[in-house]
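These protein sequence lines map, in sequence, to chains S and A.
Residue numbering for the first sequence follows this note's numbering, starting at 1 and increasing by one per position.
Residue numbering for the second sequence follows this note's numbering, starting at 260 and increasing by one per position.
Treat the hints with care, since some could be wrong.
Pairs of lysine-lysine residues, derived as BS3-like cross-links and limited to a Cα-Cα distance of at most 30 Å, are as follows [what the hints assert, rightly or not]:
hint, chain 1, residue 1, chain 2, residue 2
1, A, LYS302, S, LYS145
2, S, LYS257, S, LYS196
3, A, LYS276, S, LYS190
4, A, LYS524, A, LYS302
5, A, LYS276, S, LYS196
6, A, LYS449, A, LYS302
7, A, LYS302, S, LYS196
Non-contacting residues of chain A with respect to chain S, defined by C-beta distances greater than 10 Å in every case (computed) [as the list claims (entries may be wrong)]:
hint, residue
8, ASP266
9, SER270
10, GLU316
11, GLY322
12, ASP392
13, LEU490
14, VAL520
15, ALA538
Some chain A residues near chain S, calculated using beta-carbon distances under 8 Å [what the hints assert, rightly or not]:
hint, residue
16, LEU264
17, ASP277
18, GLU280
19, LEU307
20, TYR318
Just so you know, these hints were derived from the structure itself, not from any lab.
Keep in mind that this is a model prediction, so the values were computed, not measured.
Even glycine gets a Cβ: it sits at the ideal position worked out from N, Cα and C.
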Amino acid sequence: MNIAVCVKQVPDTASPGRLDPTTHTLERSGKLMLDPSDEFGVEMALQLVQAAGGGEVTLVSMAPHGEISGLRTALAMGADKAILISDEGLQGSDALGTAKVLAKALQRVQADLILAATESTDGYTGTLPVQVAELLGLPSITFAKRVRIEGQKVLVDRQTETGFDEVECPLPALVTVTAGVVEPRYPSFKGIMAAKSRPIEQLKVADLDLSTDDVGWHGAGQEIVSVEPAEARQAGEIVVDEGDGHERIVAFLEQLKVI
Amino acid sequence: MDFDLSDEQESFRKVVKDFAEAEIAPFAEQWDRDHTFPLETVKAMGELGLFGLPFPEEYGGSGADFTTMCVAIEELARVDSSMAVTVEAGVGLGANPIFQFGNEDQRQTWLPDLCSGRALGAFGLTEPDAGSDAGATRTKAALDASTHEWVLDGSKAFITNSGTPITSVITVTARAEAGISAFIVPAGTKGLVVEPPYRKMGWHASDTHGLRLEACRVPDGNLLGEPGRGLAQFLAILDDGRVAIAALAVGVAQACLEHSVAYAKDRQAFGGPIGRNQAVAFKCADMVVAVEAARNLVYRAAWLKDHGRPFKQAAAVAKLFATEAAVTATREATQIFGGYGFMDETPVSRFYRDAKILEIGEGTSEVQRLVLARGLGLPV
Ligand SMILES: Cc1cc2nc3c(=O)[nH]c(=O)nc-3n(C[C@H](O)[C@H](O)[C@H](O)COP(=O)(O)OP(=O)(O)OC[C@H]3O[C@@H](n4cnc5c(N)ncnc54)[C@H](O)[C@@H]3O)c2cc1C
Ligand SMILES: Cc1cc2nc3c(=O)[nH]c(=O)nc-3n(C[C@H](O)[C@H](O)[C@H](O)COP(=O)(O)OP(=O)(O)OC[C@H]3O[C@@H](n4cnc5c(N)ncnc54)[C@H](O)[C@@H]3O)c2cc1C
Numbered sequence: 001m002n003i004a005v006c007v008k009q010v011p012d013t014a015s016p017g018r019l020d021p022t023t024h025t026l027e028r029s030g031k032l033m034l035d036p037s038d039e040f041g042v043e044m045a046l047q048l049v050q051a052a053g054g055g056e057v058t059l060v061s062m063a064p065h066g067e068i069s070g071l072r073t074a075l076a077m078g079a080d081k082a083i084l085i086s087d088e089g090l091q092g093s094d095a096l097g098t099a100k101v102l103a104k105a106l107q108r109v110q111a112d113l114i115l116a117a118t119e120s121t122d123g124y125t126g127t128l129p130v131q132v133a134e135l136l137g138l139p140s141i142t143f144a145k146r147v148r149i150e151g152q153k154v155l156v157d158r159q160t161e162t163g164f165d166e167v168e169c170p171l172p173a174l175v176t177v178t179a180g181v182v183e184p185r186y187p188s189f190k191g192i193m194a195a196k197s198r199p200i201e202q203l204k205v206a207d208l209d210l211s212t213d214d215v216g217w218h219g220a221g222q223e224i225v226s227v228e229p230a231e232a233r234q235a236g237e238i239v240v241d242e243g244d245g246h247e248r249i250v251a252f253l254e255q256l257k258v259i
Numbered sequence: 260m261d262f263d264l265s266d267e268q269e270s271f272r273k274v275v276k277d278f279a280e281a282e283i284a285p286f287a288e289q290w291d292r293d294h295t296f297p298l299e300t301v302k303a304m305g306e307l308g309l310f311g312l313p314f315p316e317e318y319g320g321s322g323a324d325f326t327t328m329c330v331a332i333e334e335l336a337r338v339d340s341s342m343a344v345t346v347e348a349g350v351g352l353g354a355n356p357i358f359q360f361g362n363e364d365q366r367q368t369w370l371p372d373l374c375s376g377r378a379l380g381a382f383g384l385t386e387p388d389a390g391s392d393a394g395a396t397r398t399k400a401a402l403d404a405s406t407h408e409w410v411l412d413g414s415k416a417f418i419t420n421s422g423t424p425i426t427s428v429i430t431v432t433a434r435a436e437a438g439i440s441a442f443i444v445p446a447g448t449k450g451l452v453v454e455p456p457y458r459k460m461g462w463h464a465s466d467t468h469g470l471r472l473e474a475c476r477v478p479d480g481n482l483l484g485e486p487g488r489g490l491a492q493f494l495a496i497l498d499d500g501r502v503a504i505a506a507l508a509v510g511v512a513q514a515c516l517e518h519s520v521a522y523a524k525d526r527q528a529f530g531g532p533i534g535r536n537q538a539v540a541f542k543c544a545d546m547v548v549a550v551e552a553a554r555n556l557v558y559r560a561a562w563l564k565d566h567g568r569p570f571k572q573a574a575a576v577a578k579l580f581a582t583e584a585a586v587t588a589t590r591e592a593t594q595i596f597g598g599y600g601f602m603d604e605t606p607v608s609r610f611y612r613d614a615k616i617l618e619i620g621e622g623t624s625e626v627q628r629l630v631l632a633r634g635l636g637l638p639v
């Protein structure tokens, strides 16, 4: 069982992101880290490979400035190897441009299963994985809250608003996992040391049989024209309980038409 | 000169920090209140490799250097001193004597479980009437030639990790014919009596008991290291422990700094944040000086050890400065928090209670000054 996991490397999620005032894209000049959303995919992959009795977990990431810190974290968790695509020409890529790059890189891996998160922490369009699946001509299942492999099939409990669907599909396939699908492990010190010697293949756009016209600013079908700050949240209403608290809460909810 | 930690040390710092914030911080207040020793969390720290960090992989350790150990303890202490000292004592006092002075058989018997955190070890040096003056040990060891057993009689005081559900082994010092020697006493040995836990001012989630040894018999193979060298061995172990306790103190002071700065910016009085007042702001400024100075002393002492250089003096300097800095930082942080700082639900109140022991355990501040003064050639 060979599994590829798409992992995004994002600016430190503890400090608020900054947008570039001219391009309206996220500032990515500082050190990036493994997107916490992707820890679930990595853990899921490690568990599935172990349950299958062997195989490899390969990470695939596109990130600026040859960034590998996030990949090292995922390798320290136990992934076997990684592919990083980093190229000046990728600046300004939209989700489709990114999907083209990742799809080409994934073709080199030939995995039985591709995992990604349902959405990233910084861009969170939540559109990238299904675009990758489409480009690779693979079936995709989104919002997995449970994933099992049985023979040549993947069985998924797919989160819905009211419950979950039980979905199965033949491999190879792409599955996006929700936060909480598994409990990601903490990398151990031994894992961190072992990660130092795990291979990270670094690729450019040209290595992927793509041209810079397909990706980056040139390839982007979308442009962020302007960005407006969200309206500040209004102060809430404070209800002081003078014995009638429950009635006033009910009245408030009725006024909102939620009950 | 290079003041950077390695990438791997920084990565592991982040792991321990994330772990401490997610798995310890939310529960620390409750453990403190209920005096809970959180077994599942201790096991999780074991899975992270914390209890075997500086030991070779052949014994189940991680092969990290001592500096990495200090960084990990610092990050645990930033959130909770009790968990930090559980690791510090498990590694430095439980496993380290067996690793340093044990024969291959003793190492293979005890270390794999201790390194994995499946078991905890303890170290019994202090006695009711022999603390700083550890040479005054009254516990006696006599060899029973007919059964090839050592018979231990005496008592030990304040022994960390000695009564947890997973305590597997306690090494103790006792006076034998050849002089003070060290013995490995497996938990559950007949005649080893673990007294009820102490009622303490702090470190409520850390396990501390008095012990009695009543005709406690262990096989003669349980002598640890050379006969008559027990005290010297344990004092050598304490040099490592002092640096580790100093690292713990750095974590405490760092936490006080972070909490104080946040509170000083947020808490309003007389129409503005209290941090507008120099009296408050300068406390924070002094705290950052103390934290930086202490951290540099700790990392340097750890670096000396990692490079095989003498570090006895550096360890005493680091322990003395960092622990006193931590106690001062907790006092000032509590002051900045005002009345809330006296309430159990603020972390600074717990830090204040937890910090004092740092100036006492593994050699009091006075003992550090004694070591340093003697190092200066003074006839004290
Ligand atoms: C604030 C903001 C708004 C944006 N709005 C748009 C927009 O409206 N339309 C548009 O086309 N682009 C947009 N982008 C750009 C988009 O974020 C990037 O193109 C990005 O590379 C992919 O999109 P995503 O982060 O939204 O991915 P998502 O679809 O949210 O990501 C889902 C999962 O796919 C995987 N993945 C995503 N990116 C990578 C990667 N680089 N390497 C490896 N795995 C990855 C991860 O597993 C991730 O969790 C926006 C970016 C920002 C910062
Ligand atoms: C919570 C906790 C956990 C502990 N864990 C362990 C453990 O796991 N294993 C273990 O063996 N011990 C442990 N200890 C014991 C600890 O190391 C001793 O308490 C410490 O070494 C001091 O010894 P004492 O309490 O006997 O004080 P004393 O030695 O009686 O000292 C009393 C005071 O006199 C001062 N003093 C003594 N001699 C001199 C001198 N020559 N010059 C100047 N001043 C002097 C001391 O500095 C101190 O202020 C622990 C203690 C506590 C409280």
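For each hint, the structure was consulted:
For the suggested pair LYS302 of chain A and LYS145 of chain S, the alpha carbons sit about 27 Å apart, so the restraint of at most 30 Å is met. Proximity of LYS257 of chain S to LYS196 of chain S is assessed by CA-CA distance (about 57 Å); at most 30 Å being required, the pair is judged violated. The straight-line distance between the Cα atoms of LYS276 of chain A and LYS190 of chain S is roughly 17 Å, inside the 30 Å bound, and the hint therefore holds. Of the supplied pair hints, the one linking LYS524 of chain A and LYS302 of chain A is violated, its CA atoms being roughly 38 Å apart against a limit of 30 Å.
Among the hinted pairs, LYS276 of chain A with LYS196 of chain S is consistent with the structure: their alpha-carbon atoms are about 21 Å apart, no more than 30 Å. Restraint check: the Cα-Cα separation between LYS449 of chain A and LYS302 of chain A comes to about 27 Å, which is no more than 30 Å; the hinted pair holds. The straight-line distance between the Cα atoms of LYS302 of chain A and LYS196 of chain S is roughly 26 Å, inside the 30 Å bound, and the hint therefore holds. Distance to chain S contradicts ASP266 of chain A as a non-interface residue, since its nearest Cβ pair spans about 8 Å, not more than 10 Å.
Not every beta carbon of chain S lies more than 10 Å from that of SER270 of chain A, the smallest distance being close to 5 Å; the non-interface claim is violated. The Cβ of GLU316 of chain A does not lie farther than 10 Å from every Cβ of chain S; its closest approach is about 7 Å, which violates its non-interface assignment. Not every beta carbon of chain S lies more than 10 Å from that of GLY322 of chain A, the smallest distance being close to 7 Å; the non-interface claim is violated. Listed as a non-interface residue, ASP392 of chain A keeps its Cβ farther than 10 Å from every Cβ of chain S; the least gap is roughly 38 Å.
The Cβ of LEU490 of chain A sits about 33 Å from the closest Cβ of chain S, beyond the 10 Å cut-off, so the non-interface label holds. Annotated as non-interface, VAL520 of chain A keeps its C-beta farther than 10 Å from every C-beta of chain S; the closest such distance is 16 Å. Separation of ALA538 of chain A from chain S is adequate, the least Cβ-Cβ distance of about 30 Å exceeding the 10 Å criterion. The beta carbon of LEU264 of chain A is not positioned within 8 Å of any beta carbon in chain S (closest approach about 12 Å), and the interface hint is therefore violated.
Proximity of ASP277 of chain A to chain S holds as hinted, the smallest CB-CB distance being about 7 Å (cut-off 8 Å). Using the Cβ-Cβ criterion of 8 Å, the hint placing GLU280 of chain A at the interface with chain S is not satisfied: the shortest such distance is roughly 10 Å. Here the hint on LEU307 of chain A is kept, as its CB sits about 5 Å from the closest CB of chain S, short of 8 Å. Contact between TYR318 of chain A and chain S, as hinted, is not supported at the beta carbon level, the nearest pair being about 13 Å apart and thus beyond 8 Å.
The structure fails hints 2, 4, 8, 9, 10, 11, 16, 18, 20 (numbered hints given earlier, in ascending order).
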